[in-house]
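**Q** Here the structure of chain X is known, so what remains is to put chains E and W in place on it, guided by the hints.
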Amino acid sequence: MSVVFDIVLLLFLIGTALTVARTKNLVAAVVIFSSYGLGMCLLWLHRGAPDVAMTEAAVGAGITTVLFLVTIGKTARREK
Amino acid sequence: MFEALWDNRDYVAAVVLFCIGLYVIIAKDNLIKKLLGLNIMETAVFAFIVTVGVVDGGEPPILGPGATPPYASPLPHALVLTGIVVAVSTTALALSLIIRIHRQCGTIEADELREME
Amino acid sequence: MKKAATAALLIVTAIPMLIGVAALPRHGDPQAPVHTGVSARYLEGGAAEGGTPNIVANILLNYRGLDTAGEVIVIFTALVAGLAALLTAPPLFTRARRMPPAARAASAPPVSPVVGFVVRLLAPFIALFAIYIIVHGHASPGGGFQGGAILGGLFVVLTIVLGEERALTLMPRAAAPWMQAAAVIAFVAVGVIGAALTGYFLGFPVETMHLAAKLMMIALEAGIGLGGAAIFATLFLEMETA
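Chains as they are written, first to last, in this note's numbering: chain X, 1 to 80; chain E, 1001 to 1117; chain W, 2001 to 2242.
So that you can see chain X by itself, here it is in the shape it has in the complex (with noise of 0.2 Å):
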């Protein structure tokens, strides 16, 4: 395993789940919360997980942020 990958993917990881705490539009959220499941994919598929990347890669990348966009398109693009 390589020390460097992982600390890039780790950062990553922390990297994007900081901008979703930090991003007032929550369409913007959304994506870069989407982008962050695809990055926790990219880990579990590393950690010879290749069942559990796949299912979060279509259900965690995939439907929750079509669900999150369509709430989102019914509510507000802004949070307060």
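Don't read these hints as lab results, they were simulated from the structure. Since the structure is predicted, the reported quantities are computational estimates derived from the model, not experimental observations. Please note: incorrect hints may appear among the correct ones.
To be verified - Below, a list of computed lysine-lysine pairs in the DSS-like style, where the Cα atoms sit at most 30 Å apart:
id, chain 1, residue 1, chain 2, residue 2
1, X, K24, E, K1034
2, X, K24, X, K74
3, E, K1034, W, K2214
4, E, K1034, X, K74
5, W, K2002, X, K80
6, W, K2002, E, K1028
7, W, K2003, E, K1028
8, E, K1028, X, K24
9, X, K24, W, K2003
10, E, K1028, X, K80
11, X, K24, X, K80
12, W, K2003, X, K80
13, E, K1034, X, K80
14, E, K1034, W, K2002
15, W, K2002, X, K24
16, X, K74, E, K1028
What the hints assert, rightly or not - For each label pair, taking beta carbons as the anchor points, the in silico distance ranges come out as:
id, chain 1, residue 1, chain 2, residue 2, range
17, E, E1003, W, K2002, 34 to 40 Å
18, W, T2169, X, L69, 20 to 26 Å
19, E, I1026, W, V2188, 38 to 44 Å
20, E, D1111, W, E2049, 53 to 59 Å
21, X, L11, W, A2008, 23 to 29 Å
Even for Gly, the Cβ is constructed at its ideal location relative to N, Cα and C.
**A** What follows is chains E and W alone, placed relative to chain X:
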């Protein structure tokens, strides 16, 4: 202590992500933002459970021609698979409730909802 | 004040977790309890007892089949509760009424021709990939939930590109309830068949009737995939039209 934390850096990252999610849930008033925080917390817990199953030089637990031991532990993977699907169902239900709250109260900010009572 | 309290709470949460994490067995240690306990047993006997090379699918459908049955009931219940939240009570604040599909399609913003072309081009391949993942999930990474989520996502993009009316031909009104309940129905049916063949609910006759066990497993995966896709698609449609 620090050496142990460096060896277990996956777990440390999971703890940090869990705390970020907890912070979003506590500090933000927007219900959608709170739900995003809840999702970050959930994925952090899943990441912790999946990375517990890692073994040095391990392969995915799919037996067949060409696969050699050691294999990563399959049990955490199965538990997390169940967990992810349950997490997305709770998220979908929560989003339906948010749409309903917006329809009845006209806002999805927790502080405004509290004043409305 | 609130910020200080939040920071204090986070520190109080994080420090015990970090101490606990540092005391865990080293990451990747082959002697850790997770590798020596029941997992070793699953890896050793799983292929012979479950009849599938993918041990994760094996645990989900065979060793812990009842857990997975409970899980599909959870998704189904989430659908029921979501529909109850969305479809009851009149809107108080927003004036939007439920428009007929044709009027909504006319008011929807147009889709970019590039997106439309790419989705039309890729849709059959996405569907084929999802079906491969569902049917072959017992031997390679994948399974019912993953394939179902991909099918649900395909339905969502088709709804956006082709319009609701044409996408709904994939899930006709008469068949929709059966498709949403497909996972639960598949579990009950396969469980009863297993009880008839082996004497245990959700038992798989791997040693005696290998082909039957494999077919039962594929039926379960197909039910989970179809049910998951229908549930995700319904939730999307109801949230969109709510």
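**Q** Hint by hint, work out which the structure violates, then give me just those numbers in ascending order.
**A** 3
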